[in-house]
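> First residue of the sequence shown: 139, per this note's numbering; consecutive thereafter.
Derived from the structure by calculation, the hints contain no laboratory data. The structure displayed is predicted, hence computed values, not measured ones. From the three backbone atoms N, C-alpha and C, an ideal C-beta is built for every residue, glycine too. Check the hints yourself; a few may be wrong.
As the list claims (entries may be wrong) - Below are the SDA-like pairs computed for lysine to any residue, each with C-alpha atoms no more than 25 Å apart in a straight line:
no., residue 1, residue 2
1, K195, E432
2, K195, T228
3, K195, R171
4, K195, P229
5, K195, R157
6, K508, G408
7, K195, G251
8, K195, A207
9, K508, E474
To be verified - What follows is a list of derived Cβ distance ranges for each label pair:
no., residue 1, residue 2, range
10, G233, T177, 18 to 28 Å
11, R168, R468, 28 to 38 Å
12, G351, G191, 36 to 46 Å
13, G498, D237, 34 to 44 Å
14, G333, Y273, 20 to 30 Å
15, T406, P466, 32 to 42 Å
16, R196, R511, 53 to 63 Å
17, A428, T479, 24 to 34 Å
18, T177, R468, 55 to 65 Å
19, S193, H503, 51 to 61 Å
20, D426, G467, 43 to 53 Å
21, D237, R206, 26 to 36 Å
22, A192, G336, 49 to 59 Å
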Amino acid sequence: MSAVDGPDGELLGRVFLTRVLEPGDETGGRWVRELGVDTVVRRLRERGDPLPGASGKRWAGLLARAERAEPDRDLAVARDAGVRFVGPGTPQWPGQLDDLGDARPLGLWVRGGADLRMWALRSVAVVGARACTEYGAHMAATLSAGLAERGWIVVSGGAYGVDGAAHRGALGAGGATIAVLACGVDRPYPRGHTGLIGRIAEQGLVVGELPPGDHPTPSRFILRNRVIAALTRGTVVVEAAHRSGSLVTARAAQRLGRHTMGVPGPATSGLSAGVHELLRQDAVLVTDAAEVVELVGDMGELAPERRGPVLPRDLLDPAGRQVLAALPGRGTARPEEIALTAQTTPDDAIARLYELRALGYVERHDDGWKLTRQAMTPVRDGPEPR
């Protein structure tokens with residue numbers, strides 16, 4: 139899969155700017171929106187006068203960063219690591235990120251074979267305390283496994299505690315998960331989760347705003363949370379103290395008009411105090427995956443655009459068509475059986491099945507998958523012929 143996504147000029151410009159501007163920089167986002175990528179890049183490369191809103195000191199810092207930026211090299215390093223860059227307006231860009239306005243990412247670095255846009259259509263964030271209790275880890279894993287079994291993608295931050303439990307719960311159920319990192323996706327953080335993040339990249343997706351090799355900082359963790367909130371249809375907080383970073387994700391979700399949910403804990407637990415505060419405000423109390431899906435599941439919003447009398451497989455890329463064709467006409471099949479028929483790996487088959495699930499072509503039943511009625515009938519734009 140190519141690391142290049144979109145016209146070369148726009149792509150290189152956005153990759154260049156990921157080295158210069160920090161994630162969530164609204165002033166930089168306004169420059170890009172009002173002046174365009176090419177103009178902003180040219181002003182930085184040519185060491186022109188400061189752009190509107192930049193002090194002399196800040197502009198000097200941006201110019202110093204611009205001198206060190208090498209977008210061609212970043213793309214080459216990314217390609218070698220199996221990473222691609224997805225920018226706004228390209229086929230895999232999740233349109234809901236545009237709700238962030240000028241704080242929208244310049245683009246996302248993506249590791250893993252699945253279609254980010256399709257997966258984000260049916261995704262829920264599960265976040266919470268790093269130093270969680272056994273109860274918190276159990277609830278995060280159980281809830282995430284339940285979401286995965288219902289065909290939903292679990293999104294979290296790849297951290298210790300609740301994040302790790304959420305990812306493992308989804309993977310353990312044979313489901314799909316996305317880790318949104320606050321560093322380069324080729325350099326997993328925390329290091330203790332290198333194996334987990336590698337597994338997520340094989341069975342799911344690892345994404346981030348920062349270019350290859352970049353390291354996390356406290357502010358980058360906080361700013362990363364807005365991407366988790368915007369990418370998903372809702373955020374569930376499992377254990378959070380009053381000053382937990384997961385509350386930042388929940389409040390960002392509220393501002394963006396997303397569903398915000400909390401899993402209650404003991405009244406005496408300081409690690410549940412932040413969740414309880416959310417629940418006293420506008421968050422909805424949930425205790426299992428069924429309650430989450432009841433809140434966020436609006437299938438009408440997920441209907442694919444239909445343009446003519448074509449079969450469902452005609453709307454898919456070749457790999458997706460191959461997996462769809464591997465499902466039996468009746469009954470269910472397990473992912474490893476589908477992978478064998480489609481001549482692909484079980485992890486790739488699972489990724490494609492979740493894309494097909496987002497389009498409404500397949501359903502998950504326990505450990506197996508089956509075709510929906512929609513997948514067996516032509517897709518039509520107008521009335522049935524007489």
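> Now, for every hint given, state plainly whether the structure supports it.
Now the hints, each set against the structure:
1. Restraint check: the Cα-Cα separation between K195 and E432 comes to about 51 Å, which exceeds 25 Å; the hinted pair is violated.
2. With a C-alpha separation of about 35 Å, the suggested pairing of K195 with T228 is violated against the 25 Å cut-off.
3. With a CA separation close to 23 Å, the supplied pair K195 and R171 stays within the 25 Å bound.
4. For the proposed pair K195 and P229, the alpha carbon gap of about 38 Å is over 25 Å, so the pair is violated.
5. Of the supplied pair hints, the one linking K195 and R157 holds, its CA atoms being roughly 18 Å apart against a limit of 25 Å.
6. For the hint pairing K508 with G408, the CA-to-CA distance comes to about 44 Å; that exceeds 25 Å, so the pair is violated.
7. For the suggested pair K195 and G251, the alpha carbons sit about 41 Å apart, so the restraint of at most 25 Å is broken.
8. Our distance criterion of 25 Å between C-alpha atoms is met by K195 and A207, whose separation comes to about 19 Å.
9. Between K508 and E474 the CA atoms are separated by roughly 14 Å; this keeps the pair inside 25 Å, and the hint holds.
10. Between G233 and T177 the Cβ separation comes to about 24 Å, which falls inside the hinted range of 18 to 28 Å.
11. The hinted range of 28 to 38 Å is not satisfied by R168 and R468, whose Cβ atoms lie roughly 55 Å apart.
12. For G351 and G191, the hinted distance range of 36 to 46 Å is not satisfied, since their beta carbons lie about 29 Å from each other.
13. Distance hint for G498 and D237: a CB-CB separation of about 24 Å, inconsistent with the stated range 34 to 44 Å.
14. Separation of G333 from Y273 is about 25 Å and conforms to the stated range, judged on CB atoms against 20 to 30 Å.
15. At roughly 52 Å, the beta-carbon separation of T406 and P466 lies outside the given 32 to 42 Å, and the hint is violated.
16. For the pair R196 and R511, the supplied restraint of 53 to 63 Å holds, since their beta-carbon distance comes to about 57 Å.
17. Checked against the given bound of 24 to 34 Å, the beta carbons of A428 and T479, roughly 32 Å apart, stay inside it.
18. The hint said 55 to 65 Å for the Cβ distance between T177 and R468, and at roughly 58 Å that hint holds.
19. Judged by the Cβ atoms, the range 51 to 61 Å given for S193 and H503 holds: they are separated by roughly 59 Å.
20. Our hint of 43 to 53 Å for D426 and G467 is violated, since their Cβ atoms are close to 33 Å apart.
21. Restraint check, D237 to R206: a C-beta distance of roughly 32 Å satisfies the suggested window 26 to 36 Å.
22. In this structure, A192 and G336 break the distance hint of 49 to 59 Å, their C-beta atoms being roughly 39 Å apart.
The structure fails hints 1, 2, 4, 6, 7, 11, 12, 13, 15, 20, 22 (numbered hints given earlier, in ascending order).
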